[in-house]
Amino acid sequence: MTGVWEVAFVIFLLSLTVLVYLLIPVVLRFRDTLGRLNRTLVVLNDDLPEILKNVQSITERLDKVMKTAEDAVEDIAKIERTITKEIKEPLINIAQIIGTVIQLIERLLVWPKKK
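Quick note on numbering: the sequence shown equals residues 1 to 115 in the UniProt record's numbering.
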C-alpha cells in the first residue's frame, strides 16, 4: 500500500513541477506588465497637473464661447422683435390701406348696371 502512495506522491510532485514550469513565463510576463504599468502611472502623475490645466483652460474658453453665442441669440431676438414692431406691422397696415383704396376705386369706377 505504501508503494501506491509513493507512486501517487511522485506523480503529484511531477505534476506540480510541470505546473510551476508552465507558470514561470506567465509570472514573468505579469511582472513585466506591472513594471510597465508602474512607469505609465508615474508619467501620468507627472503630466496630470498640466493636463488638468489644459482641460480647465478649454472649459473656460467654451464657457466664453457659449456666453457669446447666448448674447448673440438674445440680440437677434431683439432685432427680430424690433423689425416686427417697426417694419412688419406698419407694412401690414399700409397693405390693408392700399387694399381698401383699391376696393374704393373699383367701386367708384364701376358704373351701376341698369336693370
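A few of these clues could be false.
[Unchecked claim] Distance windows between CB atoms, simulated:
id: 1; residue 1: Asn-45; residue 2: Ala-77; range: 44 to 50 Å
id: 2; residue 1: Arg-36; residue 2: Gly-3; range: 47 to 53 Å
id: 3; residue 1: Lys-53; residue 2: Ile-76; range: 32 to 38 Å
[Claimed, not checked] Cut-off 25 Å, straight-line C-alpha distance, at most; resulting in silico cross-link-like pairs (SDA-like, lysine to any residue):
id: 4; residue 1: Lys-78; residue 2: Lys-53
id: 5; residue 1: Lys-53; residue 2: Thr-68
id: 6; residue 1: Lys-64; residue 2: Glu-74
id: 7; residue 1: Lys-67; residue 2: Leu-52
id: 8; residue 1: Lys-88; residue 2: Val-101
id: 9; residue 1: Lys-88; residue 2: Ala-77
id: 10; residue 1: Lys-64; residue 2: Lys-78
id: 11; residue 1: Lys-85; residue 2: Lys-64
id: 12; residue 1: Lys-53; residue 2: Gly-35
id: 13; residue 1: Lys-78; residue 2: Val-65
id: 14; residue 1: Lys-88; residue 2: Arg-107
id: 15; residue 1: Lys-53; residue 2: Asn-38
id: 16; residue 1: Lys-67; residue 2: Glu-86
In short, the hints are calculated from the structure, not lab data.
No residue lacks a Cβ here, since even glycine has one placed at the ideal position from N, Cα and C.
Here is what the structure says about each hint:
{"no.": "1", "hint": "Asn-45 / Ala-77: 44 to 50 Å", "result": "48 Å, holds"}
{"no.": "2", "hint": "Arg-36 / Gly-3: 47 to 53 Å", "result": "50 Å, holds"}
{"no.": "3", "hint": "Lys-53 / Ile-76: 32 to 38 Å", "result": "35 Å, holds"}
{"no.": "4", "hint": "Lys-78 / Lys-53", "result": "38 Å, violated"}
{"no.": "5", "hint": "Lys-53 / Thr-68", "result": "23 Å, holds"}
{"no.": "6", "hint": "Lys-64 / Glu-74", "result": "15 Å, holds"}
{"no.": "7", "hint": "Lys-67 / Leu-52", "result": "22 Å, holds"}
{"no.": "8", "hint": "Lys-88 / Val-101", "result": "20 Å, holds"}
{"no.": "9", "hint": "Lys-88 / Ala-77", "result": "15 Å, holds"}
{"no.": "10", "hint": "Lys-64 / Lys-78", "result": "21 Å, holds"}
{"no.": "11", "hint": "Lys-85 / Lys-64", "result": "31 Å, violated"}
{"no.": "12", "hint": "Lys-53 / Gly-35", "result": "28 Å, violated"}
{"no.": "13", "hint": "Lys-78 / Val-65", "result": "20 Å, holds"}
{"no.": "14", "hint": "Lys-88 / Arg-107", "result": "29 Å, violated"}
{"no.": "15", "hint": "Lys-53 / Asn-38", "result": "24 Å, holds"}
{"no.": "16", "hint": "Lys-67 / Glu-86", "result": "28 Å, violated"}
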